[in-house]
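Student: Below, each chain spelled out in residue letters.
4 protein chains.
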Amino acid sequence: MTARLQSHQYGKAETRVVRIVRDTPRHEIRDLNVSSALRGDFAPAYLTGDQSAVLPTDTQKNMAFAYAKVHGVESPERFALLLAEHFVHDIAPVSGARVDVQEYAWVRATVDGAEHDHTWIRSGQEVRTASVTVDDGTTTVIAGLKDLTVLKSTGSEFTGFLKDEYTTLQETDDRVLATSLIAQWRYAGTDLDFDATYAKVRAIMLSAFATLHSLALQQTLWHMGTQVIEQVSEVVEVRFAAPNKHHFLQDLRPFGLENPGEVFWAADRPYGLIEAVIVRDGATPADAAWSRSVGAP
Amino acid sequence: MTARLQSHQYGKAETRVVRIVRDTPRHEIRDLNVSSALRGDFAPAYLTGDQSAVLPTDTQKNMAFAYAKVHGVESPERFALLLAEHFVHDIAPVSGARVDVQEYAWVRATVDGAEHDHTWIRSGQEVRTASVTVDDGTTTVIAGLKDLTVLKSTGSEFTGFLKDEYTTLQETDDRVLATSLIAQWRYAGTDLDFDATYAKVRAIMLSAFATLHSLALQQTLWHMGTQVIEQVSEVVEVRFAAPNKHHFLQDLRPFGLENPGEVFWAADRPYGLIEAVIVRDGATPADAAWSRSVGAP
Amino acid sequence: MTARLQSHQYGKAETRVVRIVRDTPRHEIRDLNVSSALRGDFAPAYLTGDQSAVLPTDTQKNMAFAYAKVHGVESPERFALLLAEHFVHDIAPVSGARVDVQEYAWVRATVDGAEHDHTWIRSGQEVRTASVTVDDGTTTVIAGLKDLTVLKSTGSEFTGFLKDEYTTLQETDDRVLATSLIAQWRYAGTDLDFDATYAKVRAIMLSAFATLHSLALQQTLWHMGTQVIEQVSEVVEVRFAAPNKHHFLQDLRPFGLENPGEVFWAADRPYGLIEAVIVRDGATPADAAWSRSVGAP
Amino acid sequence: MTARLQSHQYGKAETRVVRIVRDTPRHEIRDLNVSSALRGDFAPAYLTGDQSAVLPTDTQKNMAFAYAKVHGVESPERFALLLAEHFVHDIAPVSGARVDVQEYAWVRATVDGAEHDHTWIRSGQEVRTASVTVDDGTTTVIAGLKDLTVLKSTGSEFTGFLKDEYTTLQETDDRVLATSLIAQWRYAGTDLDFDATYAKVRAIMLSAFATLHSLALQQTLWHMGTQVIEQVSEVVEVRFAAPNKHHFLQDLRPFGLENPGEVFWAADRPYGLIEAVIVRDGATPADAAWSRSVGAP
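Residue numbers (this note's numbering), protein chains in the order written: chain D, 9 to 305; chain G, 9 to 305; chain V, 9 to 305; chain Z, 9 to 305.
Keep in mind that a hint or two might mislead.
Identical copies go unnamed one by one, so any copy, or any two together, can satisfy a pair.
[As the list claims (entries may be wrong)] Under the rule of at most 27 Å between Cα atoms (straight-line distance), these lysine-lysine pairs were calculated in the DSSO-like manner:
hint: 1; residue 1: Lys154; residue 2: Lys208
hint: 2; residue 1: Lys208; residue 2: Lys171
hint: 3; residue 1: Lys171; residue 2: Lys154
hint: 4; residue 1: Lys208; residue 2: Lys253
hint: 5; residue 1: Lys253; residue 2: Lys77
hint: 6; residue 1: Lys77; residue 2: Lys171
hint: 7; residue 1: Lys171; residue 2: Lys253
In case anyone wonders, no lab produced these hints; they're calculated from the structure.
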């Protein structure tokens, strides 16, 4: 045999768990999409088809529902921590686990000027993410968000860039800057108020995006990341992926019209994609927690 | 020849027009997806390939951008009215036109407790729709929304239904009721404040959804529709399509756990689909404006 | 009360039924997405919440699975016919029904040069559609397909079109013509070999698309439709919706390169949308079977 | 300053390049989605907004089109190689590059029993992928595919698995096994016939999937991977991500019907996700080429 099984993991992806708290007439709701992946002594399942160490993915799904009942969902990070630690500590063949949670936000409907007790509206396209990895005795919590679409209608330029024989782009000192942001940030520990810290990080990023006069999306990301690192002591690393959702100034001169930054075509593809990894000085790396497999959902 | 060209239309679909108003430092934004379809003397283009009466779809796209500059976007309905009337009145071969506009909402970012002048966040998955049809001398305006996802965590039951030999569903006197609502409503005229009326209709529908103790999604739709008809005199017809986004109570008994309406599985497919057409007594029908072709986007 | 319930229907959408025939080691597979909508005496469900005439959508789902077992899936049209007639004839409050079926195609995997008995590969993005409406004593079968993406790399031009002050498009006598076709055709009766006729119609349309030198997509659609009407006697009506998937010739002159129809940018949006309804002379109309509600999936 | 820019990259994503070869009346077509990401001396763009070393993403897009003209598209791997090497060798600030290419397949339309010269049908949902990384003087080529949906209607079981207090799944000795496969494989070098090798790897994987009596999807993946390693000497590593697309046997007993593996419900979510990394003994690792950033498209 010339082939070797180098690594493997398996789990249940996208279990849609909705948890209602109805202890009082004023309900609460948490709406999650839970994925788990287990690592451990599962090589025989691959090599010979022996399933004796394999806890079915269906069981992992059942656990997600049962934990939502027993422990509730204090936050997506806490929920992922509980599940991941259960997998590693309570299932003998499991040596490592990763639990990814997406949370969809709901806001209360307003009726006669007051928030309703049990009626909800899905708010935003934005998805909150939490990823907990327990491996080699280390627990890493990465919080984040994706699909946060933000736009500045001025306060952004793009000039002074490198030009070669394939460059046709014109410089501009006033453009629309828009992105559908993916941001993830790693916490130093696990003992924090995840909901409050999430809200704080998000507010800092939005404020930094709004107030910096942007010379490039790169500069904006760096500014957002450093503001988070400086203002939130629990955060040791921030990673961004920001598609530059191009809004092209439409040429209206053929119709005898000026267009001083008023009418834009919002293009689909292609798009720029700007990425950055910003770390707190002296932070311990956590590469394993950041690694993504070829089929990451 | 045994075949006959019975009807036809052509146009440009999904032109993504973003209009910024920057007359003062406090900008405004309207973000539209514009589709137009023209009817008229275009049979030769089909029968012999003669394009002499065919205004290119590319030109229709150009018009959308030019009109956004010249007229601005007071509301999606008004913008669609202007374009549709231009097509019919100014392009000789055009006898009828339909303009569909989707609008995506943005809210101002909050920085240091204040709304920012030129930074925006995409709000909600919900899409506002406007459809204007000009044909046979008649102009019809249909406003609407889609992808408004709402959920009640109590106040809904489903009992007393018909049972046959294929029925296995259990009755329930307390369930989660959720839908991703499509609602469209037709106005009697064109001389109204479209933005204000849209907001009013939406608020009435949400309030009706929230406050009715629901015996069925059918009943909820009827209640929402009649409230709109009764409270908004400009509306003469309301059409609903409401997918019943099933939230199944997860069975936790195998794990020794009760589940009194707390943990649900949010299922994808299949889903119930409930539809209703509610009209104001005495309203003139407008079937042509409601008709959708086989490839409606 | 000033509001009136004008019409309504309800049903189960997108039940994913997979039927395996395993009577011999050489299996067969049919993979369906089934949606049903019922009309009848259901007004009380809307007006007062009385469900006593309402057969749950869950029951409709159960029927789809049970019918797949008992009757098999001879073709999507036959399966839809059986279900629709059952609803109307066997469920007392039901006066009309529409059953829409999408079928996904699978081809046998090839192993050592031979087709495998029970291993399948999903073939194509193309979806076959069937829609059966039973109402007012009339049964109408509409067959079709969608997402059939076809492209001609020459043999298409677009010249001689109408020009106005908003027209900037250049004429071209050789362009890429591509569309993601939606086609639906209505049969005169129900007593035919649906699978064989489907294959015949599809082949005729593709041949017509390929061989006509196209002066416009409109002309191509008319040619495809008339060929079907003339060659397939069972078809009395064809409806097309053809998005013109623009392939723009990329301007390479800034880099000192010619581009004689070799390098194109495949754009997403906007796109032209060309539609046509072609009928056999003397055919009885069937508007009700073609009508689509505001929330048609 | 307590924050540090640890790493960064930027580029143009999803440039849709279609290349027609029309040297003879029998055309050829290659349909690509090209994404590039550059690494190098771009820190000033982040830290101070200085763009003087930044080649615009728009220029990267232009290059993709120009290279399609000048070099053609021999294969997606070769095309990605040419682009990646150009970025690293010819753009001074660039020290590393990654080019990802997706290819969509087209087959010739058949007209009167013969393949047509210039009419094409999009074939399959399956996407071919190529990823070339040039960094630190090393060039790595990873070929692959995604969305290859395969299904076995027998020849698969799942028994003997681990059970705990959350396990409710029943064992089965005959089930439907289906997956939408993601497979990527790394080549030892760059001097090979990429199209022929791709076809060979794909055929081996399909044959292995079909012929192994599967005790688990894990075993099937291992079998597929080892067959590739053993039969294709150029491949040094294979990575799989295989969602277990569950087909649940529908319970028809309430209707008095048996269901011996004939009628299934094809579920959407959740799904199992099985992953494996299989390497040739003695192969040099190439972790950098496999790493994916948080916003990988």
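Student: Against each hint, give a clear statement of whether it holds in the structure.
Tutor: Checked hints:
1. Lys154 x Lys208: Only inside one copy: lysine 154 and lysine 208 sit 16 Å apart there, 32 Å across copies, limit 27 Å.
2. Lys208 x Lys171: neither (40 Å within a copy, 42 Å between copies)
3. Lys171 x Lys154: Close neither inside one copy (32 Å) nor across copies (36 Å); limit 27 Å.
4. Lys208 x Lys253: within (25 Å within a copy, 33 Å between copies)
5. Lys253 x Lys77: between (41 Å within a copy, 21 Å between copies)
6. Lys77 x Lys171: between (59 Å within a copy, 21 Å between copies)
7. Lys171 x Lys253: Close inside one copy (22 Å), not across copies (32 Å); limit 27 Å.
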